[in-house]
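Number of protein chains: 2
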Amino acid sequence: MTKHFYEKEKGLLIVISGPSGAGKGTICKELLKNEDNLEVSVSATTRQPREGEVEGKNYYFIDKEHFLDMIGNNDFLEYAKVYDNYYGTPKDPVLQKMEEGVDVILEIDIQGAAQVRANFPEGIYIFVVPPSINELRKRITERGTEDEEQMNKRMDCACEEIRNATKYSYIVINDKVSLAAEKVRAIITAEKCRSERLESKIEEIIGR
Amino acid sequence: MTKHFYEKEKGLLIVISGPSGAGKGTICKELLKNEDNLEVSVSATTRQPREGEVEGKNYYFIDKEHFLDMIGNNDFLEYAKVYDNYYGTPKDPVLQKMEEGVDVILEIDIQGAAQVRANFPEGIYIFVVPPSINELRKRITERGTEDEEQMNKRMDCACEEIRNATKYSYIVINDKVSLAAEKVRAIITAEKCRSERLESKIEEIIGR
Numbered sequence: 001m002t003k004h005f006y007e008k009e010k011g012l013l014i015v016i017s018g019p020s021g022a023g024k025g026t027i028c029k030e031l032l033k034n035e036d037n038l039e040v041s042v043s044a045t046t047r048q049p050r051e052g053e054v055e056g057k058n059y060y061f062i063d064k065e066h067f068l069d070m071i072g073n074n075d076f077l078e079y080a081k082v083y084d085n086y087y088g089t090p091k092d093p094v095l096q097k098m099e100e101g102v103d104v105i106l107e108i109d110i111q112g113a114a115q116v117r118a119n120f121p122e123g124i125y126i127f128v129v130p131p132s133i134n135e136l137r138k139r140i141t142e143r144g145t146e147d148e149e150q151m152n153k154r155m156d157c158a159c160e161e162i163r164n165a166t167k168y169s170y171i172v173i174n175d176k177v178s179l180a181a182e183k184v185r186a187i188i189t190a191e192k193c194r195s196e197r198l199e200s201k202i203e204e205i206i207g208r
Numbered sequence: 001m002t003k004h005f006y007e008k009e010k011g012l013l014i015v016i017s018g019p020s021g022a023g024k025g026t027i028c029k030e031l032l033k034n035e036d037n038l039e040v041s042v043s044a045t046t047r048q049p050r051e052g053e054v055e056g057k058n059y060y061f062i063d064k065e066h067f068l069d070m071i072g073n074n075d076f077l078e079y080a081k082v083y084d085n086y087y088g089t090p091k092d093p094v095l096q097k098m099e100e101g102v103d104v105i106l107e108i109d110i111q112g113a114a115q116v117r118a119n120f121p122e123g124i125y126i127f128v129v130p131p132s133i134n135e136l137r138k139r140i141t142e143r144g145t146e147d148e149e150q151m152n153k154r155m156d157c158a159c160e161e162i163r164n165a166t167k168y169s170y171i172v173i174n175d176k177v178s179l180a181a182e183k184v185r186a187i188i189t190a191e192k193c194r195s196e197r198l199e200s201k202i203e204e205i206i207g208r
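Going line by line, the protein sequences match chains A and B. For the record, in the first sequence the residue sitting at position 144 is 144 according to the UniProt record's numbering, with numbers rising by one throughout. For the record, in the second sequence the residue sitting at position 151 is 151 according to the UniProt record's numbering, with numbers rising by one throughout.
Just chain A, with the same shape it has in the complex (with noise of 0.2 Å):
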């Protein structure tokens, strides 16, 4: 009986935005190891596939004539061209999943995050944010090849960047990836207990 109640609950819409470097992808593979009901979203792209990527699970692969169409359709939580390519977050697969009662996870950068609030007010908009702009250089250092000179630039967008993060509902300092990873369970679990979201729940308790 319980179960079946679980089962009918709708899921959540997540979206796990953050400067680039700050860590979003690392936490979403953490958070995918433990959890049985919750997927990251697959976005669609017009560019050609790389090797190895497969459709559906990397990208859905779609031409350019497609991806205007669902421009055109409202199609898209979200979506940006990036030099000749588009992206985007189709809408349907997300709210299908969010049906069935699956928690759906969107890791995308602020601008995209910014068109998901617009269509989707009742999403959860997380924050992810590195401990210091020092700690970001070093991340981006290790990883990369930047001279000094982009780096500096990269490091005032991140710092214009973060700046943005008061508008999101939480914020998450990721100092340590399992840590960080722990804290967005603790949001998921908490905004499933938020009151408004239980109303119908207290009623069945009530009528019982």
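Calculated directly from the structure, the hints in this document are not laboratory data. A few of these clues could be false.
[Stated by the list, open to error] List time: in silico DSS-like cross-link candidates among lysine-lysine, alpha-carbon distance up to 30 Å: (1) B:K153 x A:K176; (2) B:K29 x A:K192; (3) B:K201 x B:K97; (4) B:K176 x A:K33; (5) B:K176 x A:K192; (6) B:K153 x B:K167; (7) B:K201 x A:K167; (8) B:K10 x A:K167; (9) B:K192 x A:K201; (10) A:K97 x B:K97; (11) B:K97 x B:K10; (12) B:K176 x A:K97; (13) B:K192 x A:K10; (14) A:K97 x A:K138; (15) B:K97 x A:K192; (16) A:K176 x B:K192; (17) B:K29 x A:K201; (18) B:K29 x B:K192; (19) A:K192 x B:K167.
[To be verified] Pair ranges (Cβ atoms, derived): (20) B:R50 x A:E204: 35 to 43 Å; (21) B:T141 x A:R197: 50 to 58 Å; (22) B:L95 x A:K138: 35 to 43 Å; (23) B:N152 x A:L32: 28 to 36 Å; (24) A:A80 x B:K29: 31 to 39 Å; (25) A:E122 x B:A114: 48 to 56 Å; (26) B:L95 x A:R47: 17 to 25 Å; (27) B:M151 x A:E204: 19 to 27 Å.
Ideal Cβ positions, reconstructed from N, Cα and C, are used throughout, including at glycine.
Given the coordinates of chain A, assemble chain B onto it according to the supplied hints.
Only chain B this time, still in chain A's reference frame:
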């Protein structure tokens, strides 16, 4: 450095309420098991100490004149008169603990919680409910000595009280104590990630 920062953070006030028999007390005991940084507030009362009760642990035992003075000075977060005795939550020890960075739990009835909310809207208000009215009846039957009529009256009253649930930010359905305590822990963790609590931290990250 990081440690120092967290030591400066103010603790949260967490109000756990709900109908009698929902399991507030058991959940609080479970919560305290694994937490260093969490305390349950101690009430003041004008009633005589019972054998084995310890001043400052079970209650602060104070005389009626003192209690009435404290009411006059607005020294309580909430108080009530039950038969001939007064009971209340003194404000100062709670606020002091919070200043020290300790999260403080108030386990109180619904009337008390309403008073605290009026004084302290920035608290976190959690309503504990039984999984069903039948389950509540079963728990109280196992515990108690109430006859059929008293029991029916009590169940009507519980239904009335549970309607208050949606005034709270969070609802925790207590089907299993360990799971319910885990949900309260998740709520505390999530609340500490709320962006409005981390504004100064964001300034700190950008500033470094």
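Verification of the hints:
no.: 1; hint: B:K153 x A:K176; in the structure: 53 Å, violated
no.: 2; hint: B:K29 x A:K192; in the structure: 23 Å, holds
no.: 3; hint: B:K201 x B:K97; in the structure: 21 Å, holds
no.: 4; hint: B:K176 x A:K33; in the structure: 25 Å, holds
no.: 5; hint: B:K176 x A:K192; in the structure: 16 Å, holds
no.: 6; hint: B:K153 x B:K167; in the structure: 23 Å, holds
no.: 7; hint: B:K201 x A:K167; in the structure: 14 Å, holds
no.: 8; hint: B:K10 x A:K167; in the structure: 22 Å, holds
no.: 9; hint: B:K192 x A:K201; in the structure: 26 Å, holds
no.: 10; hint: A:K97 x B:K97; in the structure: 44 Å, violated
no.: 11; hint: B:K97 x B:K10; in the structure: 9 Å, holds
no.: 12; hint: B:K176 x A:K97; in the structure: 28 Å, holds
no.: 13; hint: B:K192 x A:K10; in the structure: 25 Å, holds
no.: 14; hint: A:K97 x A:K138; in the structure: 38 Å, violated
no.: 15; hint: B:K97 x A:K192; in the structure: 29 Å, holds
no.: 16; hint: A:K176 x B:K192; in the structure: 16 Å, holds
no.: 17; hint: B:K29 x A:K201; in the structure: 26 Å, holds
no.: 18; hint: B:K29 x B:K192; in the structure: 22 Å, holds
no.: 19; hint: A:K192 x B:K167; in the structure: 16 Å, holds
no.: 20; hint: B:R50 x A:E204: 35 to 43 Å; in the structure: 40 Å, holds
no.: 21; hint: B:T141 x A:R197: 50 to 58 Å; in the structure: 31 Å, violated
no.: 22; hint: B:L95 x A:K138: 35 to 43 Å; in the structure: 40 Å, holds
no.: 23; hint: B:N152 x A:L32: 28 to 36 Å; in the structure: 49 Å, violated
no.: 24; hint: A:A80 x B:K29: 31 to 39 Å; in the structure: 51 Å, violated
no.: 25; hint: A:E122 x B:A114: 48 to 56 Å; in the structure: 28 Å, violated
no.: 26; hint: B:L95 x A:R47: 17 to 25 Å; in the structure: 57 Å, violated
no.: 27; hint: B:M151 x A:E204: 19 to 27 Å; in the structure: 21 Å, holds
Hints 1, 10, 14, 21, 23, 24, 25 and 26 from the earlier list are contradicted by this structure; the remaining hints agree with it.
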